[in-house]
Every structure is written in C-alpha cells, then in structure tokens.
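Trainee: Take a look at the letters that make up each chain.
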Amino acid sequence: MKFTDILTSAISNTFRSKLRTTLTIVAVFIGAFTLTLTSAVGTGVSRYINTQVAAMGATDVIIVSKADDAGAEGPAKYDPAAAKASSSMAGPPGSSMGMLAHSDLDEIAATSGVLHVEPVVLVAPDYIEFADQGKYELALNPNLGITQVDLAGGAQLDNPGNEPQILLPSTYLETLGMGSPDDIVGSTVGIGVTSHAGAQSSIQATVVGVQHETLLSGGSGINQNLTDKIKAIQDTGKPSNAVEGFIVATAYFDEALGTEHAQGIKDSLAAQGYTGQTIQDQLGTFQSVINGIVGVLNAFAVIALIAAGFGIINTLLMSVQERTREIGLMKAMGMGGGKVYALFSLEAIFIGFLGSAIGALAAIGLGSLLSNVLADTVLSDLPGLHIMQFDPGSVALIIAVVMLIAFLAGTLPARRAARQNPIDALRYE
Amino acid sequence: MKILEARGITKSYGHGPSRFDALKGVSLTINEAESLAIVGKSGSGKSTLMHLLALLDTIDGGTLRVGNIDSADIKGKDLNRMRNRDFGFVFQQFFLTPNASVLDNVVLPLVIAGVPPGERKKRGMAALEQLELADKAKNKATDLSGGQKQRAAIARALVNDPKVIFADEPTGNLDTATGAVVEDILFRLNKERGITLIIVTHDRDLASRCDRQFHVRDGLHSTADDLAARA
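Top to bottom, those sequences are chains A and B.
When we follow my numbering, the leftmost residue of the first sequence carries the number 1, and every step to the right adds one.
When we follow my numbering, the leftmost residue of the second sequence carries the number 430, and every step to the right adds one.
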C-alpha cells in the first residue's frame with residue numbers, strides 16, 4: 001500500500017464517524033486555541049519590551065552599585081570615608097544598601113576593562129514651568145541619561161552636550177499646555193531648584209524630545225549638562241566636609257570586545273564588592289518575569305491538550321473496535337501490520353492537525369481583532385503595544401507539537417489495530 | 430500439480446483446561462484447478478482448516494506446503510504478498526466496507542498491493558463487468574442486495590487474479606435462487622479460468638457440485654464410509 005493511499009484512506013476514515021471526530025477535534029481545538037493565544041501574548045509583550053527598551057539600552061555601560069550585605073551578621077563597622085547617606089536608603093528588608101563614595105568610584109575606574117566611570121547624580125528640582133501655564137512638579141528618571149527612548153518627536157538627549165536639555169514624557173504635554181510633540185521641540189522651559197541654603201532659583205532648559213509613555217518607569221530625562229547645573233545650585237551653601245555618596249554609577253567599557261569581556265568586568269566588580277549589571281541584564285530580569293507568566297499560561301494550555309490527547313485515544317480505540325472486521329479483512333488480503341499502524345497513526349495525526357490548524361486560525365483571527373480593539377481602548381496609553389502578536393514560526397511549532405501529541409495518543413489504538421490477528425478479527429461478532 | 434499439501438496438521442486454541450483441539454491431525458492434498466468442498470457441521474474444524482490452508486493462521490503441528498514451499502518458511506512480506514496475490518476470499522458475511530463505494534471495495538486488494546489508481550480502476554471495473562455489476566460501481570456497498578453484495582465480494586476476490594479462491598459458506602446468507610447464481614459464478618471461474626476453488630460449507634447440494642468433498646468431523650478427516658455407517 002502506497003503512502004498516498006494510506007494518507008487518503010486515513011483522511012476519509014476520519015470523517016466516517018462525523019460527530020465523534022468533530023467532538024474530538026473540538027477538544028484539540030480548545031487546547032490549540034489557548035496555546036496559540038497565550039504564546040501570542042508572550043510574543044506581543046516581549047516584542048513590545050524589546051522595541052521599547054532593548055533597542056534603546058546603551059550597550060557599552062555597566063550600572064554599578066554596592067553589593068548589599070544581606071548575608072552579613074549584624075551591622076558593618078563604621079567607616080567615616082563611606083557614605084553617610086547609606087542608612088537612610090531603603091534596600092531589601094533586612095539589609096542596608098551601600099552608597100558609592102568617591103573612593104569607590106576610583107576603585108571601579110581602576111578595574112581592568114573599565115574605560116571611565118560616571119556617578120549617577122540624583123538631583124531633585126522643585127518644578128517645571130512652561131510659558132505662563134504655571135508650575136508643576138518635575139519627576140526625573142536618572143536612567144534616561146544613558147538610554148535611548150522610544151520617541152514621539154524630537155531627538156535623544158545629547159550627552160554630555162554643551163547646553164541644558166530635557167526630554168519630556170508625552171503625558172506632560174497636555175498639562176503644561178504644550179500642543180503636539182513637534183510643536184514643543186526646541187522650546188525653552190524653566191526649572192526651579194532650591195539651594196542647600198534654601199534660596200530658590202530657575203534654570204532654562206531646551207526641550208529636545210518627547211518620549212512615548214512606556215510600561216517601564218516614567219519621568220523626564222535630563223542631560224549631563226543640566227544635571228551638573230542643577231547640582232551646582234543645590235550644593236550652594238553645602239558644608240565642604242559633607243561626604244557625598246551615589247547610589248549607582250555607570251561604568252563604560254568597549255562593547256566591541258564582546259559579552260565575555262563585559263562578563264569579565266562584572267566578575268571583577270563582584271570580587272571587589274560591587275554589583276554590575278548591563279542594561280540587558282536589567283531587562284533580562286524583567287523579561288524573565290514576563291516569560292514566567294506566559295509559561296504558566298502555556299502550561300494550562302498544554303494541560304488542555306493532554307486532556308484532548310485522551311479524547312483522541314478514546315476516539316481511535318472506538319474506531320479500532322468498530323473496524324475490527326475491516327482490519328482483519330485488510331490483513332487477510334496481505335496488508336502488513338506496519339501499514340495498519342501507519343493508517344491509524346495518520347488518522348490520529350490528521351485529527352490533531354485539523355484541531356490545531358482550525359484552533360490556530362481562530363486564535364489568530366480573534367486575537368488580532370481583540371488586540372487591535374485593546375490597543376485602541378484600554379491600552380491606548382501605551383502606543384505600540386499589541387498585546388497579541390502571532391509569529392508564524394511559533395504557530396507552526398504549536399501545530400507541530402499538537403500533531404506530535406496526537407501521534408503519541410494514537411500509538412496505543414494503532415498498536416492494538418496492527419496486532420490484530422486476521423482470523424480473530426473476522427470471527428469477531 | 431499440487432497447490433496445497435497438508436500432512437497431519439493440528440491446531441488448538443487456548444491453554445490449560447480451556448484448551449480446545451480444533452484439528453487433531455488432518456492430511457489433505459489439493460491440486461491446481463480443482464474444486465474442493467470442505468464439509469462438516471459447525472464446530473467440526475472445517476473453518477479452522479480453511480484458515481490454515483489460506484495461511485491466515487499458523488499450524489501447531491504437521492506440515493503444510495504451498496506449491497513447493499514449507500509454510501513455516503513463509504513470513505512477513507512474502508506471507509503478505511502470497512495472501513494478496515495468490516489467494517482470494519469470499520465470506521458468508523460479505524465483509525464489504527459499508528460506506529465505501531462498490532468499486533472502492535473491489536479494488537481494496539489492489540490498493541494494498543500498491544497498484545496505481547488508474548490501473549486499479551481499470552481492473553476493478555473489469556472484475557465488476559464480469560459479475561455484471563459495472564452499473565453499481567459508484568453505489569455504496571450498503572445499497573446492494575444480498576446477492577449483489579456477494580457478487581461484489583467475488584469481484585474483490587477475483588480482482589488480483591488469484592490462484593485459489595477460498596469461499597466460506599458463500600451462499601449461507603442468500604436465498605436459494607440468488608445462492609444458485611453465486612454458485613454458478615464460482616464454478617464458472619473454476620472451469621473457465623482454472624482458479625482452484627475451496628468451498629467450506631455444510632450445504633450438501635453445494636458440496637456435491639464440487640469435484641471432491643473432504644469431510645471433517647471433530648477435528649479429523651472422516652471418510653464417506655464413516656458417514657454411511659453413521660447414517
């Protein structure tokens with residue numbers, strides 16, 4: 001018996017008991033439908049994160065902080081050179097987060113592979129003001145100085161740059177009465193800063209760009225030049241013996257030397273008591289959370305598929321039972337056990353294929369619709385986020401996996417059919 | 430020329446106390462182109478004998494030769510090829526696949542043999558024409574009358590040009606008139622095409638139309654004298 005003949009008879013046998021086959025296909029459909037949707041959510045969210053953040057992350061920096069001393073017994077010995085601010089910083093419960101002092105920066109800079117180090121200076125401006133729209137609180141995101149953001153208009157921050165620059169989130173525009181992103185780029189805003197002595201003054205800064213709102217932290221970004229200017233005002237009147245500390249510093253390295261090189265720097269930093277993370281590392285943690293959630297959803301879909309697999313076993317066992325005489329006849333006419341096995345296996349695979357293909361198509365149709373509706377309504381604040389994206393590769397993989405499950409489910413009935421003795425089968429009443 | 434030769438073949442089913450000896454040592458030689466009736470009551474072992482001769486089951490003891498080959502040496506692909514090409518089967522219950530067309534039923538042995546579709550159709554239609562069923566080729570098997578079903582089954586047995594046709598109570602499910610038609614067809618094939626015909630039956634009239642009768646009783650060959658003694 002030729003393969004094409006086996007295939008066509010398997011397909012036509014599938015439709016012999018229409019209701020039973022349909023019900024089994026529905027069971028497979030549900031599993032495949034769910035699995036396609038959950039994996040599409042995974043793809044959609046990861047792609048969003050990737051476009052939003054991974055592409056923007058500066059690839060030549062390591063963000064360095066002091067390793068926390070969670071494992072240590074009791075408080076560490078007092079060191080006047082260490083930063084005073086450390087006790088007030090919140091770390092994970094039960095630990096204190098160390099601050100980086102200037103001596104730490106020197107040590108980090110001396111680490112082999114590190115080109116230079118810049119502390120991330122946290123400045124706290126009082127307000128932002130545009131034309132005569134009034135004063136509003138200004139939240140800064142210190143990370144935006146070293147990353148590239150998803151722009152709604154304008155350009156990225158120019159670092160270090162010679163003029164003070166600010167990059168605003170799109171949500172600020174309406175409140176500040178700024179019009180569209182393209183209108184505002186190039187305008188000047190006033191930023192209010194209070195000195196250590198208590199005197200308030202204002203600095204002018206140019207708006208270089210507008211950032212789409214993202215899933216990740218919001219806030220405005222300012223360039224190094226503006227940071228330095230704000231800091232200069234804030235430090236006016238500060239006692240000269242005050243110990244200055246930084247929560248994090250950015251260490252630059254040569255990215256052309258590859259990831260192993262970066263890993264080497266991180267390892268050396270770790271040996272010296274610092275924690276170094278590239279932006280990719282930080283995003284990795286975020287993505288592994290998403291992957292974990294999607295993984296759990298996928299697991300539920302796979303459970304549904306396994307249940308559907310038992311449906312296939314049941315259907316085929318009934319089919320083998322009903323067709324015992326036919327199998328016996330075919331064997332009496334010289335059909336080998338292997339071909340009988342192939343016939344029933346192909347039937348199982350075909351049921352799996354039908355269920356998964358229809359399920360995947362339905363999921364793609366419904367999911368795309370739902371995703372577009374959500375993008376225009378609930379998720380409209382997050383432009384670019386399509387919660388479900390269907391990757392042809394993963395859809396094909398899902399169909400293949402379902403067909404494999406169907407094949408495995410079919411082995412038991414197919415073996416039973418293949419082993420039938422023609423005589424017993426023909427005598428069977 | 431001998432086509433099948435059995436020497437003291439035995440066959441039993443089951444184990445231990447439930448063991449049942451269906452054949453207790455039967456010897457039989459069948460020549461090419463003859464027609465033979467295997468006659469006996471139900472439970473006599475006549476069907477078992479036919480199954481063994483048709484290589485649908487394996488013998489427990491004795492020897493069975495098909496042509497010049499020992500049946501013990503026929504295995505796997507050779508066995509399947511022999512079942513497919515050399516033997517044709519006609520059963521009392523017809524065993525047609527109900528929802529398939531008559532033609533599809535008839536060409537089943539050719540499908541199993543791997544004959545291409547075009548040739549399958551040609552040979553299937555030729556077989557149906559011989560049995561005057563060509564106009565029913567596209568009908569479903571369930572739409573046929575009993576006599577037509579058995580003629581379709583004979584067409585199926587014939588389609589691969591077998592050397593031997595085994596018929597197990599071929600007229601058992603048919604009324605006398607239709608049964609006679611089916612008998613005529615089988616004997617015509619035997620006479621005109623030289624196909625060896627082995628009929629299992631308890632119908633004495635059918636048995637008497639064969640060249641030779643082989644009586645089986647309680648798993649043993651019984652001669653005409655035994656029968657006369659009992660009668």
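Simulated from the structure, these hints should not be mistaken for laboratory data.
Keep in mind it's a predicted model, so treat the numbers as computed, not measured.
Backbone N, C-alpha and C define an ideal beta-carbon position, used for all residues, glycine too.
Just so you know, not all the hints are guaranteed correct.
As the list claims (entries may be wrong) - Examples of chain A residues lying across from chain B (beta carbon under 7 angstroms, computed):
#1 1
#2 2
#3 317
#4 318
#5 322
#6 329
#7 335
#8 336
#9 337
#10 338
#11 342
#12 424
Trainee: Against this structure, judge whether each hint is valid.
Mentor: Hints and how they fare:
Satisfaction of the interface hint for residue 1/A is found here, the shortest Cβ-Cβ separation to chain B being roughly 5 angstroms, below the 7 angstroms cut-off. The criterion of a C-beta within 7 angstroms of any C-beta in chain B is met by residue 2/A, whose closest approach is roughly 5 angstroms, and the hint holds. With 7 angstroms as the threshold, the beta carbon of residue 317/A stays out of range of chain B, its nearest partner Cβ sitting at about 19 angstroms, so the hint is violated. Of the supplied interface hints, the one on residue 318/A is violated, with its beta-carbon coming no nearer than about 16 angstroms to a beta-carbon of chain B, more than 7 angstroms.
Residue-level restraint check for residue 322/A is violated (minimum Cβ-Cβ distance to chain B is 11 angstroms; threshold 7 angstroms). Because the closest C-beta pair between residue 329/A and chain B is about 5 angstroms apart, less than 7 angstroms, the hint holds. Because the closest C-beta pair between residue 335/A and chain B is about 5 angstroms apart, less than 7 angstroms, the hint holds. Proximity of residue 336/A to chain B holds as hinted, the smallest CB-CB distance being about 5 angstroms (cut-off 7 angstroms).
The criterion of a C-beta within 7 angstroms of any C-beta in chain B is not met by residue 337/A, whose closest approach is roughly 9 angstroms, and the hint is violated. At a threshold of 7 angstroms, the smallest CB-CB gap from residue 338/A to chain B is about 10 angstroms, leaving the interface hint violated. Against a cut-off of 7 angstroms between C-beta atoms, the interface hint on residue 342/A is violated, since the closest Cβ of chain B lies about 13 angstroms away. Interface hint status for residue 424/A: violated, as the beta-carbon distance to the closest one in chain B is roughly 9 angstroms, over 7 angstroms.
This entry does not satisfy hints 3, 4, 5, 9, 10, 11 and 12, going by the numbered hints stated previously.
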